[in-house]
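Chains L and X are the protein sequences, given in the same order. For the first sequence, the tail end lands on 486 under this note's numbering, and the numbers increase by one without skipping. For the second sequence, the tail end lands on 317 under this note's numbering, and the numbers increase by one without skipping.
I should point out that these hints are in silico values taken from the structure, not numbers from a laboratory. Virtual Cβ for every residue (Gly too), placed ideally from N, Cα, C. Careful, some of the hints might be misleading.
Pair by pair, the computed Cβ-Cβ distance ranges are [claimed, not checked]:
1. Trp38(X) with Pro431(L): 51 to 57 Å
2. Thr175(L) with Phe177(X): 26 to 32 Å
3. Gly143(X) with Lys238(L): 25 to 31 Å
4. Val347(L) with Arg223(X): 35 to 41 Å
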Amino acid sequence: MEPLLDVKRLKTYFFTEAGVVKAVDGVDFQVGKDETVGLVGESGSGKTVASFSVMRIVPQPGRILAGTVMFEGEDLLAKSEEEMRKIRGAKIAMTFQDPTTSLNPLYTIGSQLAEVIREHQKELSKEQALEQVMKLLELVRISEPELRVKAYPHELSGGMKQRIAIARALASGPSLLFADEPTTNLDVTVQAQVLNLLKELRQKEKMSLVMITHDMGIVAEVTQRVQVLYAGMVAEVAETRSLFKKPNHPYTEALLQAVPRIDQRKDLKVIPGNIPNLINPPSGCRFHPRCPYAKDVCKQKVPPLEVTDDGHLAACHFWGELSLMGA
Amino acid sequence: MHIRRKAKTENATTEKQETTSTRRRGASQWAVGWRRFKRNKAGLAGLFIVLFYVFIALTSQWLAPYPPRSFLSLVQGENGEPPSWKHPFGTSKAGLDIFSEVLHGARGDLYVGVGATIVTVIIGLAIGAIAGYLRGGSGDFILMITQVFYTIPLLPLILLFARVFMILVAQGFGLTLILLLLGFFGWPTISFVVRGEILRIRELDFVKASQALGASRWRVIFRHIVPNTLTPVIITATLLIAGNILTEVVISFLGFGDANTSTWGITIQEGITYMRTEWWTPVFPGLATLFAVLGFNLLGDGLSDALNPRLRD
Chain L
160 MEPLLDVKRL KTYFFTEAGV VKAVDGVDFQ VGKDETVGLV GESGSGKTVA SFSVMRIVPQ
220 PGRILAGTVM FEGEDLLAKS EEEMRKIRGA KIAMTFQDPT TSLNPLYTIG SQLAEVIREH
280 QKELSKEQAL EQVMKLLELV RISEPELRVK AYPHELSGGM KQRIAIARAL ASGPSLLFAD
340 EPTTNLDVTV QAQVLNLLKE LRQKEKMSLV MITHDMGIVA EVTQRVQVLY AGMVAEVAET
400 RSLFKKPNHP YTEALLQAVP RIDQRKDLKV IPGNIPNLIN PPSGCRFHPR CPYAKDVCKQ
460 KVPPLEVTDD GHLAACHFWG ELSLMGA
Chain X
5 MHIRRKAKTE NATTEKQETT STRRRGASQW AVGWRRFKRN KAGLAGLFIV LFYVFIALTS
65 QWLAPYPPRS FLSLVQGENG EPPSWKHPFG TSKAGLDIFS EVLHGARGDL YVGVGATIVT
125 VIIGLAIGAI AGYLRGGSGD FILMITQVFY TIPLLPLILL FARVFMILVA QGFGLTLILL
185 LLGFFGWPTI SFVVRGEILR IRELDFVKAS QALGASRWRV IFRHIVPNTL TPVIITATLL
245 IAGNILTEVV ISFLGFGDAN TSTWGITIQE GITYMRTEWW TPVFPGLATL FAVLGFNLLG
305 DGLSDALNPR LRD
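The following block holds chain X by itself, in its conformation from the complex (with noise of 0.2 Å):
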């Protein structure tokens, strides 16, 4: 292992030496990080997952052969079939065309997914940043509540405030309403992250550097610290989106969901009573948030590799 890694850092100098004199621009850690992620196939195939949903997602309403909740194929009299040619992944007992259905939920889960991530992440930054530049009292009083966040068990919680919220909110905005539960009772991992790495940040001389130099508090915090917390930020958050892709389909599950719209989580839940008969039903969507959350991780633990400065040499 050892003698593996010199003999890469050796290429590595020789590789340097060879470019500094022909290349024109520097590489910038992101430059560096993606060069280093090329060479991680996990972490590529975790790429190459995840634009594969992505890009299932965007185009589902054109791929998908029926509607979201669409009960067609009962009227058609094709319920509860097997997969064939018409029904890839087959029909459920209700009705559902399954293979319509989990592309649908691609697009469902996705958005909860990413987007209760995005919530968590704006909350968490500005949360983190403040307990991470405040000292003393203040400091670890917002640092206290974010602990209490962090310990209050959150499936009970969250099911609560679904089951409360779902009846008085609009149809149609149930999704949305998990998103932004998932967003606000998640951001706690984010700020721990973000406080820790401002903490290692500001007693850097660059940071010490820069106020010695005239800069201003805002340039010191904004230009100076922040940005550099971001890396571990998106590695963290890449993670995330995996735990919130699996917590919404867990929500649905058990039932506590949108039952409007299509996600991965419903149609398993619809369809675990017949699982002895009709296995197709619950397996497809099961299938599909498991490398849904496979690709996420193995994208983040990629990310994680390419950009942590503890490993970079």
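Only chain L is shown next, with the shape it has when bound in the complex (with noise of 0.2 Å):
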């Protein structure tokens, strides 16, 4: 089957006064239809560059280079602005990170869904959308929602706030819904109900779903498929279960082993080192600097993304050789 969206080659880099930044350096991937994928990768890997450069909302001085960008059969990066202005919202939705500057301050909650759902649906008059705001607010379980769509962002709380930037992603029906670090910014009981409800979401509103994440339990809890990213680059490609049971890539299993876990007396493994400056990246392969299996080959050669023994697609020279611990 076609997947609904099909990234290739894309290269994302940002042209800044101290060099080129080359954030998205050749990634591919996928998302089926009614899928839920997890992007993954620490602060820097890419990740947001990847899913801005599908939409096209590449900040300057950032510019997209080469790619195609297939979404439901068409090249999004063949298509003009005025385009792609139809299919942001309508068609690809996303949702920010920072739930307390995700929502202008200066307009009341109402207000600011119906502009997305007028946006895309011109005939609707004011009362029609008035009308589609509450069954927004309904379905992302918004609880007085007459009262509510009053409301101005400030007199919410973190997680109302999150639902409502949710329920404007949705506002339109879209087929494919990026969420953006939904829960960073929000309390652990809070972050539970935003997942359930992205998940409950998902399957009502059959899209697919891309959460991009550095939390591995969200990754976990939601996702069917994962896609780690390492500085710009992608590192393995595997469905959850096997990527938890055994991954291919040996930063895939340091992002795993860095997961506080309170059934293993052990002390918390961390990273050595920091995601490399992406001006100039290490040679090779980009992980060798902090890989703790890393030989000669690793510096000289980018190791290719191959197809493993576990039906994982991994970028390392020893996938075959390693046997790397799971969570």
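Once you've looked at the hints, go ahead and assemble the two chains, each given alone in its own frame, into the complex.
So, in structure tokens, the structure goes:
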């Protein structure tokens, strides 16, 4: 079956004064119909920029240099800005990290939701739009919607704001939703609510969901497939279960080992070093300076993305020789 | 201080819980701002002073016993007299009734102060918005021009232009000329504020979100970015009115003003020579200037406390 979204060899660079930042450097990824995919990596690994590239909202001085983004059989990179605008929000939508700033403080909740609805359904009257706003608020389980519709963002809690931001993204019934770290800035109890809501909405609204996150717990909880990014390149792609059981890339192993576990009395393993400077990325495999298994060849040759014995895709020279630990 | 603050926020939360069940409409930022402003005594005092001056300015032609720039008391032989019931602020050597001049001066000086600020805000908003929205070279270029304008010492330049143009323009437009000069040279202050705010706001998630959900470029700029810059613009503009009034007084005091219109500066300038014997001629318009500037500054500070997002809990 043809995937809903098929991104190939995507390159998005930022042309800053300090140099060219290779934020996304030849990334492939697919999202199937009704599928939940996790886009995983540390801050700066290119996960957010990759999703911005799909929607073509990469901020200056960033530019998409190469690649194809096939969505429902059409290349989004070949579309005009005007055509793109009709796709954003209507077919592909996105929610953002920080619920405190993701709503405009000057307007009421109702006005901000109605804005998105009427942008894509211009024939609707104000009353009809308001009706839809109420339905959306009920959909994301906002209590007393007739009251909240007139509220300003500062009068709501963080969890409520995030649910409203989700409602706004769903306003025009998109078939693909990018959720950029939807729970990072929320309390743990509220995190679970928002995650369950997203899971449930994905089924009810029959859409595909891309969870952008660095939290392996969330990945285990909601996704079916995982795409691990490191320094703007794909490290590993696999079914979620299989990835947790037996990662095929040392970086994935390190990510899984860095999750605190309450059932094992061990010191928490951290990944040494930082994500590399993407102006002058390391030669060969970009993970080699931090990789405990690195050999000489890792410094010289970029590992290709290969199908492994476990059915994963992994970009490591030694996937066949290493036996890595899962969670 | 900390304890007091905490008590305040607790108070606010209980208040909020009570009201969410009973109150119908949400409170906009302006409503919240006004609620905070009402508690600020200095700000309220500023507001009352400003409203008082506005009232005087609008009604001076009926309130004042003598018309502007009327030397009638000279004819009546009452020039150079100290304050009395007939002339509450005294009369000048040349025969001006100072009380009338102070009232008419409020009209002239508020006209210049507010008018110049409006011109400044329009130019500053436009240039600041462009400088903030354009990235890279062109934005930097506009910023550079703004900085050049900001560095030029304004007063001598305005004095020069005032002297040159005052001869050229028809009589009676002198005050408007000064208004335009102050407006045209004062915009960098607003421009910096707007540019900085736009740079900050354009990075916020709601701007990105509206873009990601299909809003057009214009909608993003004019519905989401620019309205969010208005709070600091209003605060800066209020403080700028005070500055513009003061500058007008200085220009007139130095003798570069319009001698055909009543302003506080002109009256001070005419009276300063006789300061030793007739203190009332410069002192009353001086006090009028002092309280006007004080009023606008208090109002500006009050607005800043009430609307500044940094201090909001």
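Tested hints:
Separated by about 54 Å at the C-beta atoms, Trp38(X) and Pro431(L) satisfy the suggested range of 51 to 57 Å. Hint check: Thr175(L) to Phe177(X), Cβ distance near 51 Å, so the stated range 26 to 32 Å is violated. Take Gly143(X) and Lys238(L): their Cβ atoms lie about 28 Å apart, and the range 25 to 31 Å holds. Roughly 36 Å separates the CB atoms of Val347(L) and Arg223(X), a value that falls within the hinted 35 to 41 Å.
The structure fails hint 2 only (numbered hints given earlier).
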